[in-house]
Every structure is written in C-alpha cells, then in structure tokens.
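J.: Sequence:
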Amino acid sequence: MGHGRRRVVLVVCALALAGFAWRFPAGKDEVVGATQFTVAFFATLLTGEAVIFAITFSAASSWPSLRAIDSHIAFREWVFVGWVAAMFTACGLLVHSEVSATYGALLFLLANVFGVFSFIRLFGLASVGGRNRLLRGTLARGLADLRDQELRFDQELSDDPVVAAYLGTLDQAISGNDPTGIRNLVGQLIDVRVPPSAQENLAGLHLEVLHRLARAALVRGADPVVVTDCADSLIDSAIGHSRSHPDPAALLGAASRYLAWLGSTSMLMSVRGIASSRAARELVAMSVDCRQRILLRVDPDPKTVTAPEEAASLIEDPVGLLLWVRDYTEFHGAHQASAFYGVHQFLTGRKFMGNYWDGASVLQQMREALYGETDPATGAAPDAARRAFGSVGGYDRFWCLVSVGAIATLRDRRLEHPPELIRPEFTPDPQLLGAYLRTFASHRWVRNRSGGPGGAAGADGQYRSAGVTVERTAGPDEHKHAAQPGAPGGAGEAPGRDDPQRGLPAGAARTG
1 MGHGRRRVVL VVCALALAGF AWRFPAGKDE VVGATQFTVA FFATLLTGEA
51 VIFAITFSAA SSWPSLRAID SHIAFREWVF VGWVAAMFTA CGLLVHSEVS
101 ATYGALLFLL ANVFGVFSFI RLFGLASVGG RNRLLRGTLA RGLADLRDQE
151 LRFDQELSDD PVVAAYLGTL DQAISGNDPT GIRNLVGQLI DVRVPPSAQE
201 NLAGLHLEVL HRLARAALVR GADPVVVTDC ADSLIDSAIG HSRSHPDPAA
251 LLGAASRYLA WLGSTSMLMS VRGIASSRAA RELVAMSVDC RQRILLRVDP
301 DPKTVTAPEE AASLIEDPVG LLLWVRDYTE FHGAHQASAF YGVHQFLTGR
351 KFMGNYWDGA SVLQQMREAL YGETDPATGA APDAARRAFG SVGGYDRFWC
401 LVSVGAIATL RDRRLEHPPE LIRPEFTPDP QLLGAYLRTF ASHRWVRNRS
451 GGPGGAAGAD GQYRSAGVTV ERTAGPDEHK HAAQPGAPGG AGEAPGRDDP
501 QRGLPAGAAR TG
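Heads up, the sequence shown is in our numbering, so the first residue is 1 and it goes up one at a time.
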C-alpha cells in the first residue's frame, strides 16, 4: 500500500469511528477498561519495533535512510493516531464527555491495527531480501525524480540525496572490504525498474558504479573477483536496459569506450606497479569478454545467440551505429577491427567477405558499395546509410576522424605486455597491431584534379590511400629506442604495409 493510500484509508476510518462514537457513546468504566488493554498492546508493539530496529539498522544509516524506513512501515501515521487517541480519551474523561472518551478508545483500536501493519512491514525489513526490495523501490523513485535534469554520462549523479546515499554506502562497503554488501548493492541497482524517462539516469548510475568498483580493485585493494563479477552483471544489465533506452547507441558506446580504457589502464598500472597483477588480469579479462558481448548484441548477424531476441541488433538506425562504432574503436579495445564486419553489413546490406588480417580494407569496400560507380548497394539499409553520411565527402570526413581517434589512443608498445594479461585481441602481437593500423589507415580514397580516379599527381586509373604513413623518426628523449604506438601524439612501430611480418622502427603517424 502506497504512502498516500495509507493516509486516505486512515482518514476514512477515523471519520467512520467518529460517527460511531457520536451515535453509540460508552460509559466511563467501559472506556477506561478498553483503553487499558489497547494501551498495553500499543506499548508491546512499540517495544517490539524498537528491538527489531536496533538489531537491524544503524542510527547513522543512510541506505536505507530513516525517512525511507518510516515511509515503508507507516511509523508516523501509527504514532500520530495513538497520540490523537490519547488526547481525545484524556479530554473526554476530564470534561465528562462520553463521546470524546469513546472516540479516543476507538482510535486506540485503529492505532493498534496500524501498529500490527507497521510491525509486519518492519519485520520484513529484518531480512536481506526485504531490505533489497525497499532499497530497489527507493532507488527507482530517486532516479525517476531526476528525469527532468537531463543528466549526461559524464555528470555526477551524487548531487541527488537518494543516489548520494546509495553511492556513499557502496563506498563504505568497498572500504570495509565487504563482498556481501557490494553484491547486495549492485544487485539492487541491477533489479531496479524505472520508467523510460529515467533510463538515462539509470544508465549513468550503472557506469558510475562500474567505475567505482574498477577503481577500488586497482588502487584500494578490493577483491578483483568480486569486482569483476559485479562489473560483469552491470554490463549485462546495461545491455538489457538498452532495449528501452531512448538512445541505445549512446549507452552501448559509452560502456564500450570505458571498457577499452579500463583494459589499457589496468595493464599500464600493473606494469608500473600501481595495481596488482591479479587485479589487472581479472579486469582485462572482464573488459575483453564484455566488449565481445556488446559487439554480438550490435552485430546484425551475430555468430552466436542464446535467445531469439539476440539475433537482431540493438541499434536500429545508421546514425546510432556510427555513434557506437566511434566510441567502440577508441583506447585500443579488444575486437575493434572485428566490429567493422557488422558495420559493413549494417550499412550496406552486404557481408564483408575479406580478411583485415590479410590487408583487406573494409572501409574501402564499404565506400565502393555505397558510392561506387559499379554495382552500388541498393535497398533500405544502404539508402539510410547514404542519407546519414550525406555525401561521399561526409563519408570520408567521418571515417577520417574515427581513424585519427583510434590511432591516437593506441597503447604504448614500449611498455612490456605481461604474459598474464594476454587475451584474444588484447596482445602485443605486431601483426595484430599492423592489421589495426591498416584498417584505420585506409579510411579515405581520393580522386585526382582531373576528376578521374587516381593518385594525387596523375590519373593512372588507380585509387590512392590518403591514410596514415609510418616513418622512421627519433623521439626527443630517445635515440637508442624505437617509439611505439601509444598515447595521443605518440609515435608508432607497426608492421609494414606490404609485409605484415616486417615491423618499422620508431615512427610518427601523419595523414596524407
């Protein structure tokens, strides 16, 4: 029963009892006798609630807060009815008003009914399941109340008192190394159900909790197994909520981008001795696995499905897909080149039959399928893709920017890649790096000034890549070591364009 409905029922019952007392007033002895029993029972219930509350909750509890507990068990309504009953009974006995005394005795009966209801509700909170149900409802209402603030993923949600209490309790559980408390709090968030208007706030809170858990495993000594189990559940929950999210591409893109950053950061902190190798290993494995799951849910023709609804992509429009792949390809995350197979099929309606390991350019073939002069793709999917890009120039500009962002955020290969952190698509293999570079470096193909296809200097009838060139250069502070691809502005060692087995020494990437 909701808070408002309880008050309505209380008022209706009080009015009905007032009419009964007016028509059938009782004598003084009957009122005193009845009141003795009802007051004794009232005191018994109050004592029982006090004992349960003292055992179950802390006086400094913020999650659940005292206000949330009171709203759940109707404590204030119960005490208020008992106070009003005492006033009417005492006044009636003092002024010899049988109607007032009778009404007070009847209100004590009503207070005891509410007291039993309150006691049952409080006793339910003594169990973990009962508290979790209360807290899920409290968190859902708090997120729904934030729907008008239009919070973004990069904004803190902790300004809201309900969300701040939740995050504060999560931090306390992390600091106290309480795995049960962490799992319960994450479970409350995963099971929350909110209206569509509050889905963005719920998604933002998922990512905030994921970040706090990962940070705890890396720098605060939290159990990485517990953290990765909870993080895995959060990602599954985020994927599930994306179905009702107003912009699933933004949610999936933000999660993918964060997971890529987390994998690279975990490796870097492990190499530098900031984080334990155990924590880094668990987080890297979780990052690789979760990115693969997101990729399968976006792919229009996934390799494996476990349910019929997983056969279709969670993203329905090409603009959303482009937004997602832009985020998916940053920070050298796992499977970033594999994502282009699904992108090609989504945008052109055709499967990409090449192999990026062998140098096949998915972006070139996608450009030919959408804007080529021979056998261009037709149908609803390629028409929607062409409308999204606007023109072949828009296609070139978009993939140029995506490629620059992907190459600029590659990991620094000068850092040792610990063997325990090697995972599929997360390895120091130079051939894989070369395949990634070829995938992004072939983002644009140009025509010559005469209008025919050809190189920049003449019409030889061939396309020319205006992508990324890797040159031998020496860094300002290293003359004996070769620079490797890494952070923004970093230089890179990569396999040669024609021979994937041959790596080039230190080089700088530049657009042609």
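No wet-lab data here; the hints were simulated from the structure.
Fair warning: this is a prediction, and the values are worked out from it, not measured in the lab.
All residues carry an ideal CB built from backbone N, CA and C; glycine is no exception.
A couple of the hints might just be wrong.
To be verified - Have a look at the derived ranges for each label pair, beta carbon to beta carbon:
#	residue 1	residue 2	range
1	408	212	26 to 32 Å
2	67	379	40 to 46 Å
3	177	65	21 to 27 Å
4	70	338	52 to 58 Å
5	175	124	56 to 62 Å
6	191	5	36 to 42 Å
J.: Now tell me if each hint is right for this structure.
T.: Structure-based check of all given hints:
no. : hint                     : result
1   : 408 with 212: 26 to 32 Å : 27 Å, holds
2   : 67 with 379: 40 to 46 Å  : 57 Å, violated
3   : 177 with 65: 21 to 27 Å  : 24 Å, holds
4   : 70 with 338: 52 to 58 Å  : 53 Å, holds
5   : 175 with 124: 56 to 62 Å : 29 Å, violated
6   : 191 with 5: 36 to 42 Å   : 24 Å, violated
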